[in-house]
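*Asks:* Listed here are the chains, written in short residue letters.
There are 2 protein chains.
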Amino acid sequence: MDIEKYIRERAAAVNKALPAFVLGLKGAQPRLAEAMVYSLAAGGKRLRPVLMGAAYEMFGGRARDILPAACALELVHTYSLVHDDLPAMDDDDLRRGRPTSHKVYGEALAILAGDALLTDAFTVLLSSKYPARVKPAHVLRAAAVLSARAGARGMVSGQAADLQAEGFLRGRLTPSRRAAGRKLLAYIHLHKTADLITAAVEMGAALAGAPEKDFRAVSAFGRELGLCFQVADDVLDVAGDKKKLGKSGSDARNNKLTYASLLGVEQARLEGEALLRRSLARLRGVRGAAAPKAALAGIADFVYRREN
Amino acid sequence: MDIEKYIRERAAAVNKALPAFVLGLKGAQPRLAEAMVYSLAAGGKRLRPVLMGAAYEMFGGRARDILPAACALELVHTYSLVHDDLPAMDDDDLRRGRPTSHKVYGEALAILAGDALLTDAFTVLLSSKYPARVKPAHVLRAAAVLSARAGARGMVSGQAADLQAEGFLRGRLTPSRRAAGRKLLAYIHLHKTADLITAAVEMGAALAGAPEKDFRAVSAFGRELGLCFQVADDVLDVAGDKKKLGKSGSDARNNKLTYASLLGVEQARLEGEALLRRSLARLRGVRGAAAPKAALAGIADFVYRREN
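Line by line, the protein sequences are chains A and B. Numbering-wise (numbering that gives the first Met the number 0), the first sequence opens with residue 0 and increments by one. Numbering-wise (numbering that gives the first Met the number 0), the second sequence opens with residue 0 and increments by one.
Worth flagging that the hints you see were computed from the coordinates, not collected in a lab. The model shown is predicted, which means the values in this text are computed figures rather than measured ones. Please note: incorrect hints may appear among the correct ones.
What the hints assert, rightly or not - Covered stretches of chain B, going by a simulated chain A footprint (3 or more residues, C-beta under 8 Å):
hint : stretch
1    : 24 to 31
2    : 111 to 119
3    : 139 to 145
4    : 158 to 168
As the list claims (entries may be wrong) - Below, in silico cross-link-like pairs of lysine-lysine (DSSO-like), each with a Cα-Cα straight-line distance of 27 Å or less:
hint : chain 1 : residue 1 : chain 2 : residue 2
5    : B       : Lys134    : A       : Lys128
6    : B       : Lys134    : A       : Lys134
7    : A       : Lys292    : A       : Lys212
8    : B       : Lys212    : A       : Lys134
9    : A       : Lys102    : B       : Lys102
10   : A       : Lys25     : B       : Lys212
11   : A       : Lys212    : B       : Lys134
12   : B       : Lys292    : B       : Lys212
13   : A       : Lys212    : B       : Lys128
14   : B       : Lys182    : A       : Lys25
15   : A       : Lys292    : A       : Lys44
Claimed, not checked - Label pairs and their in silico Cβ distance ranges:
hint : chain 1 : residue 1 : chain 2 : residue 2 : range
16   : B       : Leu93     : A       : Arg7      : 47 to 53 Å
17   : A       : Lys25     : B       : Leu93     : 32 to 38 Å
18   : B       : Gly26     : A       : Arg95     : 28 to 34 Å
19   : A       : Arg181    : B       : Arg61     : 48 to 54 Å
For glycine and all other residues, C-beta sits at the position ideal for the given N, C-alpha and C.
The following block holds chain A by itself, in its conformation from the complex:
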């Protein structure tokens, strides 16, 4: 299986549908809608919706039947990036090579665009028509998973802990501070990144009406995969900096606590590899259709090895 081709093709369907969902919100203030579409159109690998589709197919569905739910998750991911880039947060000027939302639309509208992307993720998820096999109770469960994983016991707490961790590295790294750093970092990664990736596969399982046992198995896979994703990201951030010779990303500028900064790149790489192995072991434990299961394994491998 050519996994990069698979991801590209699945992502293309998401890219095609995404702006239409926002533009379908008739009556939206034009500049607000423009800011929402601007951030959605910035690209990205669309890994979360692709994961959701594959998880759904593993339990017998066809990914295109749950496209609204897949797009809803990408709306939530996009909102989190828009707010994360704000001057009060990471203060980033560029995202995927383009000026960030607040650079183009101003801070106030960027805050509102993020708010609307988050809110309308639920509009898209809850108001769309699904084929009869996607029962209202399944949609309800998927929406509950999304809000729980994205909210105060999920992603937002990861962001809050990330703020708390800023400047952590300025102090000397004694063994006990290093241990405290690892603990804090595990919390940040679990919530800031792994929760939304876990939500992707959980929502796929929920929409397919997967039995509770399978839901839990796929959830465990998503968690390890999400942690692996963030470690790989940390390593890339450092590698990317080296290539650009001093043009530091915001992680380095903000003295951010990452696996790479805390453990060094080599140790972080090993950690990532262990997480990849663990996620694949979890996936083997899931009962599901072979082809989408192989796709999920391919995506996990890609997540660890990707270069951007």
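Use these hints to put chain B onto chain A, whose structure you have.
*Replies:* Then chain B, alone, in the frame of chain A:
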């Protein structure tokens, strides 16, 4: 009926339940949870949840059965205040006599607390246990109403138009600019304020499984009531300023477009009275139980006459 006592009693049940929903989100980052509870505990009349309960009872339910949904709406309302107060938005230091969230917790955490309040409104609404008469399909409908009314075709667009209107009054008010101002103001009031009040009664009807015709009738009532609420608010803002002798609220400071600033206080009062009459006429057209219907009429009257 002593309507102020009715509102106080109904609000007390909401006040009791609200922090518990946030503190029930186990695993939330402690400072984030504290910021969420801080803004929820700031008080307020809890009109939206009280309206939802009354609308639900009009179609045969008991308000306490839908307390999670009522609290979810108050979470959304609270998030909107936290973000509205931010330096990039209205830049308010005080809310209900207490320092605003960003004054206490900093801008970054205030943004995150708002994000979490919004997201977890859906967690509370979708994950709570309801009595069997509140069917999953009813909860799904109520959640779809909430996201649509709060999102880009609803409340957030009202906020975006409000930003756009800032400074409108600095230019000379020619008749054609005054007409344009009225049109813009109607859009702002409809979305910024009326949409969430409409959502309150619509969600009550949706949770009761009210027939489509009744849903639409109660929705029309909510819309006029919401518009009346905002006009009364504009009048109060000016009256409040006069009493405080120069201690201007943010509306006046930001040269904000309001009914009072555009039409003068007396004309705005008349407009509010007309909206009150229209909302009561709409309410008479709703088929529903007499006592909660009388309560809704009393609340409408209170909204127009209140002094804070």
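*Asks:* Each of the hints needs a verdict: does it hold here or not?
*Replies:* Consistency of the hints with the structure:
With a threshold of 8 Å between beta carbons, the proposed coverage of the stretch 24 to 31 of chain B by chain A holds, since 7 of its residues qualify and at least three are required. As drawn, the stretch 111 to 119 of chain B meets chain A at 7 residues by the rule of a beta-carbon pair under 8 Å; at three or more, the given contact holds. Proximity of the stretch 139 to 145 of chain B to chain A, defined as three or more residues with a beta carbon under 8 Å from a beta carbon of that chain, is established by the 4 residues found. Coverage of the stretch 158 to 168 of chain B by chain A holds. Counting CB-CB distances below 8 Å, 5 residues qualify, and the rule asks for three or more.
For a cut-off of 27 Å, the pair hint linking Lys134 (chain B) to Lys128 (chain A) stands: about 19 Å separates their Cα positions. Using a Cα cut-off of 27 Å, the hinted pair Lys134 (chain B) and Lys134 (chain A) holds, with the two alpha carbons roughly 13 Å apart. Our distance criterion of 27 Å between C-alpha atoms is met by Lys292 (chain A) and Lys212 (chain A), whose separation comes to about 16 Å. With a C-alpha separation of about 25 Å, the suggested pair Lys212 (chain B) and Lys134 (chain A) falls inside the 27 Å cut-off, and the hint holds.
Under the criterion of a C-alpha separation no larger than 27 Å, the hint pairing Lys102 (chain A) with Lys102 (chain B) is consistent with the structure, at around 24 Å. Straight-line distance between C-alpha atoms of Lys25 (chain A) and Lys212 (chain B) comes to about 23 Å, which keeps the hinted pair within the 27 Å bound. Our distance criterion of 27 Å between C-alpha atoms is met by Lys212 (chain A) and Lys134 (chain B), whose separation comes to about 25 Å. Taking the CA atoms of Lys292 (chain B) and Lys212 (chain B), the gap is near 16 Å; set against the 27 Å cutoff, the hint holds.
Of the supplied pair hints, the one linking Lys212 (chain A) and Lys128 (chain B) holds, its CA atoms being roughly 22 Å apart against a limit of 27 Å. A threshold of 27 Å between alpha carbons decides the hint, and for Lys182 (chain B) with Lys25 (chain A) the separation of about 18 Å falls inside it, so the pair holds. For the suggested pair Lys292 (chain A) and Lys44 (chain A), the alpha carbons sit about 19 Å apart, so the restraint of at most 27 Å is met. Hint check: Leu93 (chain B) to Arg7 (chain A), Cβ distance near 52 Å, so the stated range 47 to 53 Å holds.
Taking the beta carbon of each, Lys25 (chain A) and Leu93 (chain B) are about 37 Å apart, inside 32 to 38 Å as hinted. For the hinted restraint 28 to 34 Å between Gly26 (chain B) and Arg95 (chain A), the CB-CB distance of approximately 31 Å keeps it satisfied. Checked against the hint of 48 to 54 Å, the C-beta distance between Arg181 (chain A) and Arg61 (chain B) comes to roughly 51 Å, which is consistent with it.
The structure meets every hint from the earlier list without exception.
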